[in-house]
Amino acid sequence: MASTPQGARKPNLLTAIFQWDKDWASRVFMVTLVFAVVWYIVGAADAMLVRLQESSLGLLGEPITTPWSYYAGLTLHAERDLFGFAQQLEMGIFVFLTIRLLGVEPRAKWLMWTSIILINASIFLFEGPVILSHLSFIDSYFAATGWDSLSPLGVPGYSGYGVSPLWWWGWLALEASTFLWGAWTFYMVAKSHKKLNYVMYYVLGTVILYVMGYAVLAVATNWEMLAYYIPVNINSLYDQFIFWFYGHSIVYMLFLPAVTALYFLVPTLVNREIYSDRLAKVSAILYVAFSNIVPIHHLYNAVFPYWVNILQEVMTYGVVVPSMMTFFNLWATAKGVKQITWSVPAAFTAMSFAGAIAAGVTGVANATVSFDSVIHNSMWVPAHFHAMIMLMIAPGAYALLYILVPWVTGRLWYSVRLAWAHFWLTLVGSVGVVMFFSDEGISGILRRSMIYPRISSIVVDEVGATIFAVIVGLGALALVLNTLQTIFRGRTLDTSKLGVLELVSAAAASTVSGPYSTPEPPKLKVDHRLKLRAEYTWVAVGVLLLALTAVSTLPEAVYVGGAIINVPKAYFDPPVENVTLLAHQYYWNFTVGNTSTLDFFVVNPGEKVLIRGTVAKGNGLANFYMPLFSDRVVDYQLYQEYYSYIWFTAPTQPGVYGFMNGEYNGPFYTYMGGEMLVMPPGGVLSSTQLESYLRSTSSDPYTPPVELIQGGVSLTMSTLGNWNNTVPAPTLIASEGSEVNLSFEVSLSALTSYSNYVFNLTQVNTTKTVEAYLTEHGGRLPFSIELLHINPQGETSIVQSITPTLGTNTLSFRVEPGIYVYGVIQPIAYEFNPYGLSNQFNGYDQGYITALWGAVLVTQP
Amino acid sequence: MKLSMFGAMGLGVLLAALFLAWEEVDLTLHGVGTFGDTVWFTLFSLLAIAIFSILVLRSPDNE
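Sequences listed follow chains A and B, in order.
Mapping the first sequence onto my numbering, position 742 (from 1) lands on 742, and the numbers just tick up by one.
Numbering-wise, my numbering comes out as the position in the second sequence, counting from 1, plus 861.
Calculated directly from the structure, the hints in this document are not laboratory data.
Glycine included, each C-beta is placed from N, C-alpha and C at the ideal position.
Don't take every hint at face value.
Short, incomplete list of chain A residues facing chain B, as computed with Cβ under 10 Å [claimed, not checked]:
{"id": "1", "residue": "V270"}
{"id": "2", "residue": "L330"}
{"id": "3", "residue": "W342"}
{"id": "4", "residue": "F353"}
{"id": "5", "residue": "S373"}
{"id": "6", "residue": "I375"}
{"id": "7", "residue": "L530"}
{"id": "8", "residue": "V541"}
{"id": "9", "residue": "R632"}
{"id": "10", "residue": "L748"}
{"id": "11", "residue": "T752"}
Label pairs and their computed distance ranges (CB to CB) [unchecked claim]:
{"id": "12", "chain 1": "A", "residue 1": "V480", "chain 2": "B", "residue 2": "G868", "range": "29 to 37 Å"}
{"id": "13", "chain 1": "B", "residue 1": "I915", "chain 2": "A", "residue 2": "Y559", "range": "30 to 38 Å"}
{"id": "14", "chain 1": "A", "residue 1": "T767", "chain 2": "B", "residue 2": "V886", "range": "45 to 53 Å"}
{"id": "15", "chain 1": "A", "residue 1": "P681", "chain 2": "B", "residue 2": "L876", "range": "50 to 58 Å"}
{"id": "16", "chain 1": "B", "residue 1": "L908", "chain 2": "A", "residue 2": "E105", "range": "21 to 29 Å"}
{"id": "17", "chain 1": "A", "residue 1": "A289", "chain 2": "B", "residue 2": "L904", "range": "23 to 31 Å"}
{"id": "18", "chain 1": "B", "residue 1": "G868", "chain 2": "A", "residue 2": "R278", "range": "25 to 33 Å"}
{"id": "19", "chain 1": "A", "residue 1": "Q485", "chain 2": "B", "residue 2": "V886", "range": "43 to 51 Å"}
{"id": "20", "chain 1": "B", "residue 1": "V886", "chain 2": "A", "residue 2": "L532", "range": "33 to 41 Å"}
{"id": "21", "chain 1": "A", "residue 1": "W307", "chain 2": "B", "residue 2": "I915", "range": "29 to 37 Å"}
{"id": "22", "chain 1": "B", "residue 1": "L876", "chain 2": "A", "residue 2": "R278", "range": "28 to 36 Å"}
{"id": "23", "chain 1": "B", "residue 1": "V886", "chain 2": "A", "residue 2": "T114", "range": "48 to 56 Å"}
{"id": "24", "chain 1": "A", "residue 1": "K523", "chain 2": "B", "residue 2": "L904", "range": "52 to 60 Å"}
Build the full structure now, drawing on both the sequences and the hints.
Take a look at the structure:
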């Protein structure tokens with residue numbers, strides 16, 4: 001079967017890499033594979049930037065890059081790896097399988113080539129303009145848009161963070177690429193006279209899903225693009241609703257190819273027919289039918305009535321049914337096959353199956369309204385989809401690649417060791433990344449958190465995820481090296497005379513150091529009625545359990561989401577503290593009675609609170625996120641032109657409770673913290689109350705750390721523009737009647753960091769810029785440090801205000817009952833404008849930032 | 862004992878169940894406030910995985 005090449009003329013480098021001397025389907029596969037690998041590597045570098053930034057902030061308290069580079073890295077990692085790598089590779093594999101499985105001559109080749117050009121062009125366009133005159137700003141904040149799910153983020157007039165229109169042109173190119181690929185596939189199927197087998201059902205089903213999903217996406221992106229170019233009104237809620245038709249089905253666009261791989265590989269590797277051909281075909285149809293129609297399960301905490309949320313939950317469970325059928329079918333296919341030689345594709349196939357169960361179940365968790373109310377927008381969500389990608393989709397794709405590369409190139413795998421190194425590094429690294437991400441989310445840490453609480457367990461999660469991500473990267477490196485060696489040095493394999501089983505066996509055998517044997521074909525035929533009974537029982541039991549889950553979680557589900565109908569009736573019966581909230585970019589404005597405050601609001605212990613919240617025009621969107629683990633995770637999405645009703649009972653324990661903006665609204669998103677101040681009776685905490693407060697908030701991640709003032713306390717401005725590396729600043733504890741000094745240390749090095757928003761530092765020589773400002777203004781900094789007192793009745797007054805200079809600045813005061821707020825209380829205007837390049841074409845970011853403030857609680861002497 | 866393909870896939874199912882159980886325990890340890898929101902889902906999912914495994918184990922071999 002395999003032979004060493006003798007005297008054959010060596011192809012040149014490009015011909016060898018792109019396999020240009022092979023048939024058209026092989027060439028398409030190799031071109032997409034090569035470009036996909038390139039985007040994978042660049043996207044992985046983006047991910048590594050993100051991981052290193054978070055690890056550095058956790059370990060050293062210092063950033064290695066700027067907020068806008070960090071968010072550009074996060075966004076581009078997703079786009080390059082999801083579209084440039086995964087979608088492009090899927091296209092290549094499916095073109096290859098379509099031609100091979102249908103046995104047709106390829107036609108309309110220009111459609112596929114245009115599609116491939118467009119998908120690669122789209123990845124360039126997503127990055128935004130490449131400014132050749134200032135190359136250091138490539139990959140800068142211009143592409144830090146997040147996703148279209150964050151509408152109207154990036155649209156001028158709606159958002160203080162503006163994106164380059166190339167962003168939407170990128171989406172258009174991607175949509176066009178997908179439509180052309182879909183058209184080509186339908187055309188090929190139409191030209192074939194072969195009956196479709198179940199693998200082709202999945203190929204076709206996935207392509208249909210792509211076309212449907214991208215058709216809806218085209219509506220959302222074009223709406224935003226129109227709003228960019230001409231004054232068309234955007235309704236951000238509707239726009240997000242439309243986006244999520246696509247946003248959910250993209251999960252299945254990526255998941256189904258891996259399922260296709262499993263349907264192809266499991267029967268082939270164990271040399272059996274699929275357990276149930278019928279179950280496979282029915283589940284393919286059900287996947288297509290159900291996975292496109294569940295957008296609202298991504299928007300449970302928006303402003304939809306509870307019954308809409310619950311309806312979407314039940315509809316989402318509909319997608320679970322074909323998965324139940326599929327994984328029963330696949331597992332049962334391997335049943336009874338005793339002997340198997342463990343090859344790398346077989347190992348990746350088993351990993352993909354196991355990953356599908358683990359990640360699939362967490363997907364159902366995410367779709368369950370009551371479960372989602374706890375983990376929505378937290379790192380748990382990236383943990384879930386990274387589990388799906390790293391434990392299921394990628395291993396499924398790798399399993400297939402270990403078959404297809406020898407099939408296409410006619411070369412057997414060069415290194416068994418590198419192949420197994422790839423498997424083990426991928427397995428260990430992926431599990432580690434998912435576990436650490438998941439633990440972070442369960443601890444309440446928001447996704448897209450650049451600045452996060454420096455609690456030791458969270459720092460361990462961040463650093464752990466980075467280490468395991470590096471392990472995954474090393475595994476991918478082993479694959480790339482092995483693939484290149486295989487193309488140039490692998491033993492040749494004459495694929496023209498081999499059937500599918502022989503090809504799979506030959507490819508698998510080349511990843512095994514010892515002898516390889518294909519399992520014996522089946523000898524007995526089993527009564528199909530027994531098989532049918534098992535299938536029906538499992539589907540019936542599964543549906544029953546899903547129904548029980550829906551019913552048992554109903555009591556919690558009816559109160560999730562910001563529609564007024566979802567608020568418990570008790571919150572309309574007095575006494576209720578009514579609060580109005582307006583979320584700006586990047587600060588909060590609360591009004592209680594006649595008192596208006598920025599970033600904090602004051603309530604009494606144990607009282608019912610009803611917040612009517614919305615978003616100011618000019619701030620893309622926001623989310624009120626207050627994870628009180630001893631009581632309830634309060635998590636509500638806020639929209640322009642809508643009111644969300646946020647209800648909760650204030651803790652009976654007086655103290656400071658932190659909350660965050662839970663939704664990305666621009667590169668300074670994690671600076672947008674706030675505090676609920678629960679006023680102690682009489683304005684003074686007893687020592688018992690203080691102990692009880694410290695215990696009750698120990699698991700609330702966004703409640704700031706506490707420091708006792710013993711005469712004085714030192715607060716140092718970090719390079720991120722906050723005090724003592726926490727947002728908000730530490731909660732200080734002072735004794736009633738004592739004299740205290742708050743010392744604010746401001747250094748030139750902190751002020752001149754690019755991540756510090758105090759000065760609009762967008763010049764090359766930042767130190768000179770700051771020094772020139774200080775000289776011009778008599779050494780005074782461009783903000784005030786203030787002390788605000790809130791008396792036990794909730795009335796506020798500024799009691800001190802100083803204009804600081806470099807060095808130590810001190811506020812001295814005698815502690816009275818109530819709560820104090822200290823620091824830079826007024827927002828600092830911010831505009832990022834490197835070299836004067838910010839404009840509507842390149843992108844821009846402007847807003848008001850408040851991250852240099854904290855509270856003082858008063859205790860008994 | 863050499864692991865079969867079926868056995869390896871079964872091991873994967875077991876690990877997936879353990880992962881789910883760990884998440885629930887981890888969530889509950891963070892605070893009692895979240896317990897009621899998640900526990901029913903977790904219980905029924907673990908039950909589903911158990912029944913899934915039993916049914917596949919009892920179904921006839923794929924011969």
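Status of each hint after checking the structure:
no., hint, result
1, V270, "holds, 5 Å"
2, L330, "holds, 8 Å"
3, W342, "holds, 8 Å"
4, F353, "holds, 5 Å"
5, S373, "holds, 6 Å"
6, I375, "holds, 8 Å"
7, L530, "holds, 5 Å"
8, V541, "holds, 5 Å"
9, R632, "holds, 5 Å"
10, L748, "violated, 41 Å"
11, T752, "violated, 39 Å"
12, A:V480 - B:G868: 29 to 37 Å, "holds, 31 Å"
13, B:I915 - A:Y559: 30 to 38 Å, "holds, 36 Å"
14, A:T767 - B:V886: 45 to 53 Å, "holds, 51 Å"
15, A:P681 - B:L876: 50 to 58 Å, "holds, 52 Å"
16, B:L908 - A:E105: 21 to 29 Å, "violated, 52 Å"
17, A:A289 - B:L904: 23 to 31 Å, "holds, 29 Å"
18, B:G868 - A:R278: 25 to 33 Å, "holds, 26 Å"
19, A:Q485 - B:V886: 43 to 51 Å, "holds, 45 Å"
20, B:V886 - A:L532: 33 to 41 Å, "holds, 38 Å"
21, A:W307 - B:I915: 29 to 37 Å, "holds, 35 Å"
22, B:L876 - A:R278: 28 to 36 Å, "holds, 30 Å"
23, B:V886 - A:T114: 48 to 56 Å, "holds, 52 Å"
24, A:K523 - B:L904: 52 to 60 Å, "violated, 42 Å"
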